[in-house]
Every structure is written in structure tokens, then in C-alpha cells.
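K.L.:
Residue-level listing of the chains:
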Amino acid sequence: MSAERIWQRFTPAERMARFVVFLVAGILLAWSFRTVEIIPEFLMDAPEQVADLFKRMWPVDYAYYERGVHAVLIETLHIATVGTIMTLGIAIPVGIMAASNVCRVPALNWLATFILVSSRSVNTLVWALLFVAVFGPGTLAGTVTIAVRSIGFVGKLFGEALEESAPGPIEALRAAGAPWISVFLKGYWPQVSPAFWGIALFRWDINVRESSVIGLVGAGGIGMALDEALNLFHWDRVALILVCIFAVVVIAEVFVTHIRKRII
Amino acid sequence: MHKATESASNSRRPACSAGDKSLVVENLRKEYTRGKPVLKNINLTVAGQCTTAIIGPSGTGKSTLLRCINRLIEPTSGRILVSGQDICTLRGADLRAARRRIGMVFQEYNLVERLSVMENVLCGRLGYISPWRAWLRKFPQQDIERAYDLLDMVGLTEFARARADELSGGQRQRVGIARAVMQQPHILLADEPTSSLDPKTSVEIMELLREVASVNDIPVLVNIHDVTLGRRFADRVVGMSKGDVVFDGVPGDLTDEHLKLIYGGEDWLA
Amino acid sequence: MSTATVARPAPFAVNWWARFGYLLAVLYCLYALSILDISWDRLLAGLDNGARFLGAMFPPEFKRWKLLIDNLLESLQIALISSLFGVLISLPVGLCASRNLMPDWLTWPARAFIAVCRSFHPVIFAILFVKAVGFGPLAGILTLIFASIGFVAKLFAEAIEEISLKPVEAARAAGAPFLSVLSFAVLPQVLNRFIGFSTYQVDSNLRNSTMIGIVGAGGIGGTLAAAFQRFDYSFVCAILLAIIALIMVSEYVAVRVKGVFQ
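The listed protein sequences derive, respectively, from chains A, B and C.
Adding 5 to a residue's 1-based position in the first sequence gives its number in this note's numbering.
Adding 6 to a residue's 1-based position in the second sequence gives its number in this note's numbering.
Adding 1336 to a residue's 1-based position in the third sequence gives its number in this note's numbering.
Some clues are possibly wrong.
Once the Cα atoms are required to be at most 16 Å apart in a straight line, the calculated EDC-like pairs of lysine to aspartate or glutamate come out as [stated by the list, open to error]:
(1) B:Lys266 x B:Asp232
(2) C:Lys1467 x A:Asp232
(3) C:Lys1467 x A:Asp50
(4) C:Lys1502 x B:Asp171
(5) A:Lys191 x A:Asp210
(6) C:Lys1467 x A:Glu53
(7) A:Lys60 x A:Asp241
In short, the hints are calculated from the structure, not lab data.
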């Protein structure tokens, strides 16, 4: 055997690739730190300011709940739920179009992918700005925002579930001469329906979070109450609204995890 | 019961002469729940190059015994001396230093599947080097040399760069043994090292363990449920039943009567 | 001839629960739509409005490209810096939150912290930080650091809870100190997933960094909100196209980086 046997964890090529990634990341970060406009005094001041914020939030104005929060909280849940249901109606056909094993027309695949990508690429708040401009402020804009923004998520995951479904039963149905719609209902749907409902619930959970903030740009729900309280510097009411959002989000998550366990 | 204790105190002991590398277990007791001891009162001394097989039914505390010896499980009472040092009182860095002297081979190999074979073998040196050097994989050159020597011994040199999950069961157990020997232990514990392997590979692993004992001049303590395999390869057999040692002697003295006492029933002997 | 009248069980059991559920869903929708004051007329009026809106958006106007690029780069900076700190903080927080390696007194506060980070939408953090440290990218960076912790630390903790403890046992039996156990027996099992979460989070931070400006936390979002307020829809279109382009580039880069780390 050779005199000295050396051992290293990575091959030279692997080390090189990692080095390049780290180098580029380092350069980008260095550039960011050098050019980003941060005023150090503000950073130093931050803990004091945060403490002051909490002081003004306390005590929480629970009395305001009946008068100013309850109705918009319910409205928020309605926006999330109706928005999710509307999404399902659109996402099912788009998801089918995106699944290349179900829909064998490349042009439709591309169209579906385009719809899915554009729905996901634009942030919820940006969609909300757009729809407030289109429909005017209010719950309609919010519901459409939630619906449009969710298409990408639900459609993408639904399409992927379709593509992963077993081809055996489909072949059997085709061999029996079943029409396209029967193949879908009796071949694909039973295979993907648990996944589909799981995705829908998961998205509903996300939508509860999102619908609680779109009001900040005027799209209805509890966010509008939050915006108002912020503009009037009613910090005790802000605290109340935050507590309500937190509670609803946690309850929604527990609810969804519970149901998902029973579905899957 | 009578006969067994008799043979346990019998003077016919295997050639396990006391060396400087030894293990003494005195009055070891372990209770997971109060009043229900898993190990009742274990006394055991192993030394020299002797391979000792511990046999006994499942759930009788064989695994617990081995894990008490390196304190992966805390014993309830008793003393454990490794090369004369009581390890039951040790804490923190002292305990880790003591564990370095106790090599352990596991039933399911316990390799890090995503790391290379070499890294798994070098795992045995982790007790010797700082976390910082472990993180950077900067092992001393003599460790790497030694690791290659051990891979030569277990016949896996060409797999040094392969990932552990590419190996077969027998190969993985060889890596497990190399890792344990890498610690330069004073004693080697093997917990059911052959239970997940086929008969031929099991024999090879047992041969390897004996070889390790003689080459490194250390005692080996093997938990084994396969009585035939234990008898064939051990210099000494310790039979355990319900948390007690009920037989301790050379394999030749192990009779069907003893086996009945250890495992209960007799139909399986036929 | 009585056999003909023997009632056979229906070949397909009618799932009354499912039908009841669908009926309930329809009724709920009708009720909710009336509560939310959403009607066909308003929707149609909106679509009409939307057509005019789209007309105003095209062609996109890139005359102020310098402002656009500056703000886009600020978004990128916010995303990069917050990802760095977010991921660095997530490592120890996620580790502390993993119940199989850590004692209860440590996992409990760590999990509570993660839950708070996760439950609030980034915009809410952004508002609070804008109040605390003023308008500008600093508020955005702090916001996205917390958002990152909520996501990466949670998934990291879950990944650690799913590892095999056998190698951990082996490393401990070899006398390895805790940090060596982590780097040899724990990290190799979760590193790939951690890198996956982190690159995903960089991507997600980039998306969010284009939005938090709407509430004044720096980046392109502020420009976007301003353009909306001035009804400058052709500039809005330009900004949206730029955002989408940036995100597509970042998705491509993320895929390549994951390739390097396998």
C-alpha cells in the first residue's frame, strides 16, 4: 500500500461547486449589507420602541370585541371559506388541464401551467390591491383575491396528485370503452379524492391567515378593523385584534389537522 | 436452579485469565419501574481475550445489561469497573472518556446511513477529538491510517468512499465492528450482532469478533439468542433468565437441563 | 317466479353523508354570499371595470426603470439578509424544539416561539416593526427574519424528530461529546432537508419582500402601492412584470443550488 493514504470528504469537483455557491452567496450578502439603507440608530432604538409598543398595547381593550371585532372576524372566516370553495371550482378543471396524463393536449397543459404560475407568483396583498381597484373596497374584492390566489396552490397540487395516480384502473376503464368523463369520475377521482380534500383543507387553513390581512389594503375582513385601529393609534384595540387573529388561526390549524388525520 | 448455581461456582472456568483490560460487574440492579427489577443482581467478570456469550430469552435484560455497562441506560445500583475504574460515578467528560474504552456493536449496525463508510469508521474517534475538528472532518493522520487498516481487516477497503446505505447487512456490521475497534476499547460489547443477518454471514461476523478479541487482546461480551452459534464461538457462556445469571461456564458444560432452566419449557429442544 | 321479486341490495350504497355535505356546502355558500353582499351584478360590474383596468395597464411603462430597478434590488437585499439571519437563527431554535433530543423545559419555549412566528402573517409583523423601527428596509428585514423562523425552524424540528436515533446511540456509546453527536449522527440525516427548507425560504422571502413595502417596510411594494394610489396602472403593470421575472429567475437558481448539494 502507498505510504500515506489520505481521505477527504468531497471530491474536488464537489468542493469546487460548493465553493462557488458559498462564494456567490457571500458576495451577494456583502453587497446587500453594504448597500441596504439601514439607519443604525433605529436598530439600536428598536428594543426600546418595541417595549413602548407593548406598554401601549396593555391592557388589551376586550370591551371593544362586541362592538368592533366580532362581525369582521366572522366576515373574515366567510371570505376564507367562500374564497376556498370558489377556488375548488376553478382549480379542478385547471388541475386536470395541467396533468399531462389526463389531458394530452400540450397547448392546454401550457395554458394551465401559465395560470397556475401567475396565480402563485403574485402575492396575496398585490392581488388584493388589484381587485380592490377592480371591484372597489369590500368583501367582494377580498373573496375574489382569496379565490384567485389559491388557484395556483390547489391546482398545482391537484394536478400532481392526478399525475401520480396508478394507470392500471384507467387502462381497465378505457379498455371497457368508457367515455372520458366516466374514466375521470370512476378511474381518477376515487384515487385522488382524499388528496384533493386534504389540499383543500390545507389551503383553507392558509386562507384564514391571508384573509385576516387583506383588509389592510381595503379588501374586507378583520384587516380593515386592524387598519383603522392602527391609523387611530388605538394600540389596545390593535392588541385585541391581534389576539383574535392568533386565536382563530390556531383554532383553524388544530381543526384542519384533526380532520386531515381522519381523511387520510 | 440448584444445579445451575453449582456450575456457576464451578471451578471449571474457561481460559479467561485476568488481564489489565477487564470488566467487573458487581451487584448490578436495574429497575425501570420501582419494585420491578429487570436486572436483579448481576455479578460478572470478564478479562483476557475471552469471548463471552450471554444467552437467554427475549426480554430477560441482556440488552439492558450491555447498555448499563456503558451507561446508555443508568443502572439503579451496583458497581461497574472497566479496567479497574468505576464508571457508575462518572459524569460529563469523564463518562465520555470511559465510554471510549467500551466499544459497542449493535444489532442493527446503527451506522449513519448518509455518511461514507470512512466517516462511519472514524465515528469511533469522536470521543477523542474536539467537536470543531469533528465538524471539519479534520481527523489526525494516524486515525485515518488506522481506519484504513481496520477496513483492510474487515475487507471493505474499496468501499471507503461508498455511502453506508449502499452496503449489505453483513458489510454494514463489519463497518460497525471497525467503528467499535477504532475506539481502541478495553472491552467490546456486541448486542445481538447477528440477529439481522443470514446464517453464513452470522458465522463470519462471529469469527471476526473472535479475531478482534485476539488481535486487540480484549474481552468480548456478546448477547446472542442463537444458542448454537453462541456455543460454537464462545469461550464462556452466561445464561440469563428473568434478570438473573443462572448459568456461567464453558460451552461444553451447557446441558439441556440448563437450557430448560434458561428458556423454560422443553418442546423446542427436540 | 318469486325470485324475480327478491329485493337485492342496491349495487352501490348511496353515500347520504356526502350528499348531505354537498347540500350543506351549497346552502352555506348562498348564505355567506348574501352576508358578504356579493351578487352577480356586482361581479359583472367588476368585470366591466376590470376590462377597463386591463386596458389602462397595457402597454406597461418602463420609463422610470431606474426607480424600478433600485426598489427591486432593495427587495432582493431584504430577502437575502433576512434569509441569512432567519436560517442561522432557525438552526438552534429548531434543534431546541425537537422533542427527541432536548428536554421538555427547552422544547416548550422554543415551540411556543415558533408558533407565534408562524401564526401571524408577515404583513402584521411588518406593521409592528414599521412602528418600532420606522419606515424602510430594516423593518422588512426584521419581519422576514421572524417569518423565516416560523417556517424553517418548525420544519427543521420536525425533520429532527423523524431521524433514526440508532446512530445517535452509537456516537454516544463511542464517547462523543454532544456537539460531535450532532455533527456526525444528527446533521447528516437532516442536512438535505434543511437545505431544501432554506432555499424554499429564500424564495418565499423574496416573494414577501416584494409585498411588505405596501405597509412601508421597504422594497418594491412601496412603489407598487404608490403607483396604485396614483392610478398609474401602466407602471403597476411594469412593476408586476418585473416581480414575476425576478421570482422566476430565483426559482431557477434555487433548483441549480439544490443540485450542487444533491
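K.L.:
The structure should be examined with respect to each hint, and the outcome stated for every one.
P.N.:
How the hints compare with the structure:
no.: 1; hint: B:Lys266 x B:Asp232; verdict: 15 Å, holds
no.: 2; hint: C:Lys1467 x A:Asp232; verdict: 13 Å, holds
no.: 3; hint: C:Lys1467 x A:Asp50; verdict: 12 Å, holds
no.: 4; hint: C:Lys1502 x B:Asp171; verdict: 14 Å, holds
no.: 5; hint: A:Lys191 x A:Asp210; verdict: 29 Å, violated
no.: 6; hint: C:Lys1467 x A:Glu53; verdict: 12 Å, holds
no.: 7; hint: A:Lys60 x A:Asp241; verdict: 9 Å, holds
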